[in-house]
Amino acid sequence: MSEQKEILRTEHLTIKFGGLVANNDVNIHLNEGEILGLIGTNGAGKTTLFNMLAGALKPTSGKIYYRGQDITGKPADKICKMGIGRTYQVVQPFTSLTVEENVMVGCLNRHRNIERARKRADEILEELGLGKHIHTKGANLGLPQLKRMEIARALATEPDIILLDEVMAGLNPTECEEAMELVLNLRKKGYTIIMIEHIMKAVMNVSDRIYVLNQGVVIAEGTPQEVSTNQEVIDSYLGGAKKKC
Amino acid sequence: MIDKKKLLTPKNILVTVVLLILALLPIFPTTGAYAIQLTCLTMLFIYWASAYNIIGGFAGHTSLGHACYVGIGAYVAVMLYLYGGISPWIGMFIAGIVAAVIAGIIGYVTFHMRGSYYTLSSVALLNCFRIAMAASKEIFGFKTGGAVGLKISWMGESVSGMQFVSKVPFYYIFLVFMILCVLLCWYIKNSKMGYYLAAITTNQDAASSLGVNIMQYKLMALCSSAFLMALGGAVYAFFLTSIDPLSMFNYDTSARIMLMTVVGGLGTLWGPVLGAALLVPLNEWMRASFGARLSGLSFVIYGIILMLVVMFLPKGLVSLKDKYEKRRYEKQQAKEVAVKEASVHE
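As they're listed, the protein sequences go chains A and B.
Residues 1178 to 1422 in our numbering are what the first sequence spells out, letter by letter.
Residues 661 to 1006 in our numbering are what the second sequence spells out, letter by letter.
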């Protein structure tokens, strides 16, 4: 693992909303080709961290480096163009557009030509098993398909890193299995992935490394094995989560 | 390769027939001056409503002061002609650029904020210009005529000066403008810009995380819309041969352009066309029939029509087609089910 190339790193990343410190001195790094799990209780600051990485929020202090380049505070569209794609925890479809058009918006980043973008969108949707739904309006799609469409849209921007924010939440066990398979497939294709997930079985099986956040602070880092035996993690998070599973 | 079957759709045939009638209308000896005048206005409003639709519909930013750019276009083109001797054919493009730059500044300031700030500032901009033009007698040392406005004095028939005895040349200018504007809207709607704007209007955050530069595309929409409005305004000024602040920077015109688009179908290609094609003649007819006796009645009827459309067809008149198709589809489905059931019973 150690010879792997680092692709993304944060240094002392901190963000405050008024008096609330949502992320405090967060230092994480991501290696190329890795699946990184991000876990923690609700309100631990996982999505906030994602929002900073993707440019939706500007950190109060600290730096984000992508391939050695400082990208702190760059707008979301620039960061997307540089190669970081994301999905949203609460799905954000373009409801008035068809599934195909939703994905085309992502494709148009790399393809100026409409027809080429359409073709590329169809390919991606076919790969993700949404081929049947290409002409369905975003508003009329079920949740599992919407989550897949979010991934398709992120892939359409041709990123190197994909940030997956709870793509399995709200899915039934079969759909979860399928989603896990999908994530592993993405890695096989060369994408680097950070995933926020509450479903322990999924994160533990899929991730190479895991960071645990609690109240905005990273309390543990390591392989799934290491993290799941860490006492602090069990106390603050896993204890409750295990009961739920 | 062009597929002949694809070209011969009812819609294309209808459009061709309408365009042919419009092209030949002035040639018919029975066509009176009033018909020409009314058709000119209708085509001009179709042009304006389509141009408005780029920012109001495609980009989703309602403007209640879009006639501001009409006024800017008219004043810049007329003043360039009167004081610089610049042909309106060139002047109107300069006017368009001036309008686009002013729109760009307003857009840059207001698009940073979410919500209806652009809409509010569009009203303010319109009123600022109207009052400023009415109050000031000159700009940069050139007379603007204040509240009285400017008159383009007759200097004989000239193509380069856009001065014609008959209104027929203007008729064809408006016809060409209208066709080009609708074609441009079609192009925008089916281009990268159109998809990006559709994404921005439905979900701004998701759009920006997919690499869409929100500000850039909104500004592109606003500036191209303002440019087109000003172009129309410039020709309109030469059509009227006189301009004044009240009739050029007009709030009613702004509201009417916006409402035509809404009644026809905001954000659709044919919505503004249909809206203006119905409402301009209707308005003229009502003004002619009730104007003298009950001057307010035409406004009341106008208002009722708008309310009915907004209540029953919130997506505009063009959504009638979708509704009809949906009903037909449902009927067909019901029929198929009935046939299936019948065969099962047998």
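Calculated directly from the structure, the hints in this document are not laboratory data.
Just to be clear, a hint being listed does not mean it is correct.
[Stated by the list, open to error] Cross-link-like lysine to aspartate or glutamate pairs, in silico, EDC-like; alpha carbons within 16 Å at most:
| id | chain 1 | residue 1 | chain 2 | residue 2 |
| --- | --- | --- | --- | --- |
| 1 | B | K852 | A | E1209 |
| 2 | A | K1314 | A | E1278 |
| 3 | B | K849 | A | E1188 |
| 4 | A | K1366 | A | E1188 |
| 5 | A | K1258 | A | D1337 |
| 6 | B | K852 | A | E1352 |
| 7 | A | K1240 | A | E1303 |
| 8 | A | K1296 | A | D1337 |
| 9 | A | K1240 | A | E1278 |
| 10 | A | K1258 | A | E1335 |
| 11 | A | K1182 | A | E1292 |
| 12 | B | K986 | B | E1001 |
| 13 | B | K811 | B | E798 |
| 14 | A | K1314 | B | E798 |
| 15 | B | K849 | A | E1278 |
| 16 | A | K1255 | B | D865 |
| 17 | A | K1366 | A | D1202 |
| 18 | A | K1235 | B | E944 |
| 19 | A | K1378 | A | E1403 |
| 20 | A | K1255 | A | E1355 |
| 21 | A | K1314 | A | D1299 |
| 22 | A | K1378 | A | E1409 |
| 23 | A | K1251 | B | D982 |
| 24 | A | K1235 | A | E1292 |
A quick look at each hint next to the structure:
Proposed proximity of B/K852 and A/E1209 is contradicted: the alpha carbons are some 32 Å apart, above 16 Å. Only pairs whose Cα atoms come within 16 Å are accepted, and A/K1314 paired with A/E1278 is accepted, the gap being roughly 9 Å. With a C-alpha separation of about 43 Å, the suggested pairing of B/K849 with A/E1188 is violated against the 16 Å cut-off. Note on A/K1366 and A/E1188: the hinted pairing is violated, with a Cα-Cα distance of about 29 Å set against a maximum of 16 Å.
With a C-alpha separation of about 10 Å, the suggested pair A/K1258 and A/D1337 falls inside the 16 Å cut-off, and the hint holds. Using a Cα cut-off of 16 Å, the hinted pair B/K852 and A/E1352 is violated, with the two alpha carbons roughly 34 Å apart. Taking the CA atoms of A/K1240 and A/E1303, the gap is about 38 Å. The hint is violated against a cut of 16 Å. Between the alpha carbons of A/K1296 and A/D1337 the distance comes to roughly 21 Å, so the proposed pair goes past 16 Å and is violated.
With a CA separation close to 35 Å, the supplied pair A/K1240 and A/E1278 exceeds the 16 Å bound. Of the supplied pair hints, the one linking A/K1258 and A/E1335 holds, its CA atoms being roughly 9 Å apart against a limit of 16 Å. Between the alpha carbons of A/K1182 and A/E1292 the distance comes to roughly 36 Å, so the proposed pair goes past 16 Å and is violated. Simply put, B/K986 and B/E1001 have alpha-carbon atoms about 22 Å apart, too far for the 16 Å limit, and the pair is violated.
Annotation: proposed proximity of B/K811 to B/E798 holds, straight-line Cα distance about 15 Å (limit 16 Å). Proximity of A/K1314 to B/E798 is assessed by CA-CA distance (about 55 Å); at most 16 Å being required, the pair is judged violated. Distance check on the hinted pair: B/K849 and A/E1278 sit about 13 Å apart at the alpha-carbon level, within 16 Å; holds. A hinted pair counts as satisfied when its Cα atoms are at most 16 Å apart, and A/K1255 with B/D865 qualifies at roughly 13 Å.
For the hint pairing A/K1366 with A/D1202, the CA-to-CA distance comes to about 33 Å; that exceeds 16 Å, so the pair is violated. Using a Cα cut-off of 16 Å, the hinted pair A/K1235 and B/E944 is violated, with the two alpha carbons roughly 55 Å apart. Using a Cα cut-off of 16 Å, the hinted pair A/K1378 and A/E1403 holds, with the two alpha carbons roughly 15 Å apart. Under the criterion of a C-alpha separation no larger than 16 Å, the hint pairing A/K1255 with A/E1355 is inconsistent with the structure, at around 32 Å.
Distance check on the hinted pair: A/K1314 and A/D1299 sit about 15 Å apart at the alpha-carbon level, within 16 Å; holds. The suggested pairing of A/K1378 with A/E1409 is violated, with an alpha-carbon distance near 19 Å, which exceeds 16 Å. Distance hint between A/K1251 and B/D982 is unfulfilled; the C-alpha atoms sit about 42 Å from each other, more than 16 Å. With a C-alpha separation of about 36 Å, the suggested pairing of A/K1235 with A/E1292 is violated against the 16 Å cut-off.
Hint compliance for this structure: hints 1, 3, 4, 6, 7, 8, 9, 11, 12, 14, 17, 18, 20, 22, 23 and 24 are broken, all remaining hints hold.
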